[in-house]
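Participant: In order, the protein sequences belong to chains A and B.
Quick note: the first sequence, position 38, residue 38 per the working numbering, numbers continuous.
Quick note: the second sequence, position 87, residue 87 per the working numbering, numbers continuous.
If you're looking for bench data, these hints aren't it; they were derived computationally from the structure.
We put the beta carbon where it would ideally sit given N, CA and C, even for glycine.
Check each hint, because a few of them may be wrong.
[To be verified] Label pairs and their computed distance ranges (CB to CB):
| # | chain 1 | residue 1 | chain 2 | residue 2 | range |
| --- | --- | --- | --- | --- | --- |
| 1 | A | Thr20 | B | Phe39 | 25 to 31 Å |
| 2 | B | Ala28 | A | Ser27 | 30 to 36 Å |
| 3 | A | Gln44 | B | Ser74 | 41 to 47 Å |
| 4 | A | Glu82 | B | Phe39 | 34 to 40 Å |
| 5 | A | Gly40 | B | Thr72 | 38 to 44 Å |
[Unchecked claim] Below, in silico cross-link-like pairs of lysine-lysine (DSS-like), each with a Cα-Cα straight-line distance of 30 Å or less:
| # | chain 1 | residue 1 | chain 2 | residue 2 |
| --- | --- | --- | --- | --- |
| 6 | B | Lys69 | B | Lys52 |
| 7 | A | Lys57 | B | Lys52 |
| 8 | B | Lys69 | B | Lys3 |
| 9 | B | Lys69 | B | Lys54 |
| 10 | B | Lys3 | B | Lys54 |
| 11 | A | Lys57 | A | Lys13 |
| 12 | A | Lys57 | B | Lys3 |
| 13 | B | Lys3 | B | Lys52 |
| 14 | A | Lys13 | B | Lys54 |
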Amino acid sequence: KAGVTQTPRYLIKTRGQQVTLSCSPISGHRSVSWYQQTPGQGLQFLFEYFSETQRNKGNFPGRFSGRQFSNSRSEMNVSTLELGDSALYLCASSLVPAGVTDTQYFGPGTRLTVL
Amino acid sequence: LAKTTQPISMDSYEGQEVNITCSHNNIATNDYITWYQQFPSQGPRFIIQGYKTKVTNEVASLFIPADRKSSTLSLPRVSLSDTAVYYCLVGAQADKLSFGAGTTVTVRA
């Protein structure tokens, strides 16, 4: 079974631009979560989607948004990019909402560099 | 949030057993404990998950004492390819997941 895929793997943008990242979960998985990973802050939760609905949102500004499609694929968008948005953006999928007994499986991530 | 604390780094040699202990004093009743392995520029890879006592799979064992305030990941007979960052994760819902700072394990020949 194919794992979680994320595109693109690498991205370079300049301040003020916007970016869209894509995530395809493992087949059959309906929950997708997004995380930001930086050397200083570690792994931080962005948001979680299940059946096209945002279930939870982390403590990030409104410039960070996402959505999920009917086939469970998810996109996240960052508008008005700032230098501090440079990070590895990780997507994780699970069968049902990430919870008590379910395991999240992570994709390889998208490395975003903002110049 | 159940805060986790784990050692920043550990060194080992090939063939040895590596034990990484994670403290999670404020773990909630419905929280599971999950460990992930991460290589540079890759997403975390699931290793093992448990709730209490001992769990074993083909790559690791997880020991959880009765009070569940800590857990120990045991990697038997490590090899150079086990050099990575290991994260202890405590929590149920995605927005309440608490990732530790990670333990960098370096395996030397």
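Participant: Work down the list of hints and note, for each, if the structure agrees.
Facilitator: Here is what the structure says about each hint:
no. : hint                             : verdict
1   : A:Thr20 with B:Phe39: 25 to 31 Å : 26 Å, holds
2   : B:Ala28 with A:Ser27: 30 to 36 Å : 32 Å, holds
3   : A:Gln44 with B:Ser74: 41 to 47 Å : 28 Å, violated
4   : A:Glu82 with B:Phe39: 34 to 40 Å : 28 Å, violated
5   : A:Gly40 with B:Thr72: 38 to 44 Å : 28 Å, violated
6   : B:Lys69 with B:Lys52             : 10 Å, holds
7   : A:Lys57 with B:Lys52             : 29 Å, holds
8   : B:Lys69 with B:Lys3              : 11 Å, holds
9   : B:Lys69 with B:Lys54             : 14 Å, holds
10  : B:Lys3 with B:Lys54              : 22 Å, holds
11  : A:Lys57 with A:Lys13             : 25 Å, holds
12  : A:Lys57 with B:Lys3              : 19 Å, holds
13  : B:Lys3 with B:Lys52              : 18 Å, holds
14  : A:Lys13 with B:Lys54             : 47 Å, violated
The earlier numbered hints that this structure contradicts are 3, 4, 5 and 14.
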